[in-house]
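Chemist: Order-wise, the sequence lines are chains A and B.
The first sequence begins at 0 in numbering that gives the first Met the number 0 and counts up one residue at a time.
The second sequence begins at 0 in numbering that gives the first Met the number 0 and counts up one residue at a time.
FYI, nobody ran anything at the bench for these hints, they're computed from the structure.
Think of the CB as a built atom: it goes at the ideal place given N, C-alpha and C, for glycine as much as any other residue.
Be a bit skeptical, because a hint or two may be false.
Quick list of simulated restraints, FRET-style, between CB atoms [stated by the list, open to error]:
#: 1; chain 1: B; residue 1: R40; chain 2: A; residue 2: V108; range: 45 to 51 angstroms
#: 2; chain 1: A; residue 1: G124; chain 2: B; residue 2: H60; range: 45 to 51 angstroms
#: 3; chain 1: B; residue 1: V18; chain 2: A; residue 2: I311; range: 54 to 60 angstroms
#: 4; chain 1: A; residue 1: D265; chain 2: B; residue 2: D22; range: 54 to 60 angstroms
#: 5; chain 1: A; residue 1: R40; chain 2: B; residue 2: I176; range: 43 to 49 angstroms
#: 6; chain 1: A; residue 1: F25; chain 2: B; residue 2: V18; range: 43 to 49 angstroms
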Amino acid sequence: MDVAFIIETIIKIVVLLLVFSALAGFGTYFERKVLAFMQRRLGPMHVGPYGLLQIAADGVKLFTKEDIIPQNVVAPIFKIAPVITAATAFMAAAAIPFLPEFTLFGYTVRPIISDVNIGVLYVVGVMAIGLYGPLLGGMASANKWSLISAARAASVFISYEVVTGLALLAPIMLVGSLSLIDMNNYQSDGWMIWSQPVAFILFVIATFAETGRTPFHLIANDHEIIDGFGTEYSGMRWGLFFIGEYANMFFISFVTALIFLGGFGDGSLLGALALLGKVAFLFFFFLWTRAAWPDVRPDQLMWLCWKVLMPIAIINIVVTGFVVMF
Amino acid sequence: MSMEQFQDRNVGTQNYFTVDIEDYPVTGMDKFRRVLKRTFRGELFVGLWVVLREMFKFDIHTVQYPKEKLPIGPRYRAIHQMQRLWESGTERCIGCGLCEKICISDCIRMDTRIDDNSRKEVTQYSINLGRCIFCGYCAEVCPELAIVHGGEYENASEQRAHFTLYEDMLTPVDEAIAQKQKEFPGFGAITPHEDERVTKTPLAY
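One chain only, chain A, in its complex shape:
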């Protein structure tokens, strides 16, 4: 293997890790501010101008807090669970093209770590593994709230993962490739959302379940199961769950924008900015719904996934199949 290629890949990985760790931190600030404004509050204001240094304060706090391993927990699993969440969230990013190709000092940079030919499958699969974090962490915590949370994680997981897969199947059938770059290039003459509106709505609903955001925020529900799997965690282990959750939100926003909203278009600078704008809007949408909508119960989520969304997804696939064939 070429040495230059290895160095380039390592640099890309480091940049991606740094950028998205920072973005996850900034995401928390952004979320607190947006929620506050929607609820007529000011949000963080005291640390730095307009509370901007709140991110740094939170980071210092998380890194310096004591890492408590309570009695009776299954220590090895308890310790590894947050790492699974954070690691899988970043691993999923390997197959996502974050920007179109660009030339830097005469060197062509492809801002994707590895354009594997099973891109979408890889991203969805690795993101799904991320649910082992809440599941194992909740079961190892020796805490009944965490246990309920783990049970919810398992039931929610098998419900929405079906919808995610089936919703993505229809666009994949149209494109004929699993690579996200091919998906992006396919939409040069029209966004996928216009040819697959049903799949788009299903996928957006499933992403809310996948990231555990508000209408389906029932795995880590603060007000009924005391943050669920996070109850017994402290310090940076809890912080890893947090980073994983926010990084996941960013990555799933990229995937949604690339598959359904035209991605970076023709690869010009305008297209790249448009992609970032779409991602920003999708991320904002995650926060927006949190201010506006109530949570559903776990049984309602399962009812929705199995009895409503899955049949619609299958009908969508059948119709798409007929359209593709004839």
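Chain A is already provided as a structure; the job is to place chain B on it using the hints.
Modeler: The following block gives chain B in isolation, referenced to the frame of chain A:
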């Protein structure tokens, strides 16, 4: 709406109306119809619009407490103040001891002596704010409007017993002579229309 309706205790005679609640669906088809109605009525978007509108209105209601404080009502009973007379600036307190007597939590202690002009003079006066329940009896009983309740409510302390002394509560003399002393409009003070309400004590029956 008059109060009549609420004062009528004869249950069943009032014109109550029930809140309009739809019947719960029984058959599967009805349930399906309800799901369709709820799905396509777009109520979710109403919620989204409401919070977005509030965000753009930017009508923030936060009070940033240590920097900003809400005005406090004049009848609020916070830490006591000792007033002075307006023109002369002499202390209003005549050392009668009524406040010490009436205090139900026994937190006022005072000591007096007869001074050179044969007037009673306060030598020591302290209130234990750790015991004080801020009931306002001392301000109410005071015949001279000398002890009143001020607006200073930030009295967190490291100790349970937390004393305030006469000198700390007393209005500074230059402030009183300059007529800057805030007259207390609250608890135990004379109400604004007191002159009109005062009647002569009948001397002969």
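Chemist: Run every hint past the structure and note whether it holds.
Modeler: Evaluation of the provided hints:
no.	hint	in the structure
1	B:R40 with A:V108: 45 to 51 angstroms	49 angstroms, holds
2	A:G124 with B:H60: 45 to 51 angstroms	46 angstroms, holds
3	B:V18 with A:I311: 54 to 60 angstroms	34 angstroms, violated
4	A:D265 with B:D22: 54 to 60 angstroms	56 angstroms, holds
5	A:R40 with B:I176: 43 to 49 angstroms	46 angstroms, holds
6	A:F25 with B:V18: 43 to 49 angstroms	46 angstroms, holds
Going through the hint list in order, the structure does not satisfy hint 3, though it satisfies all others.
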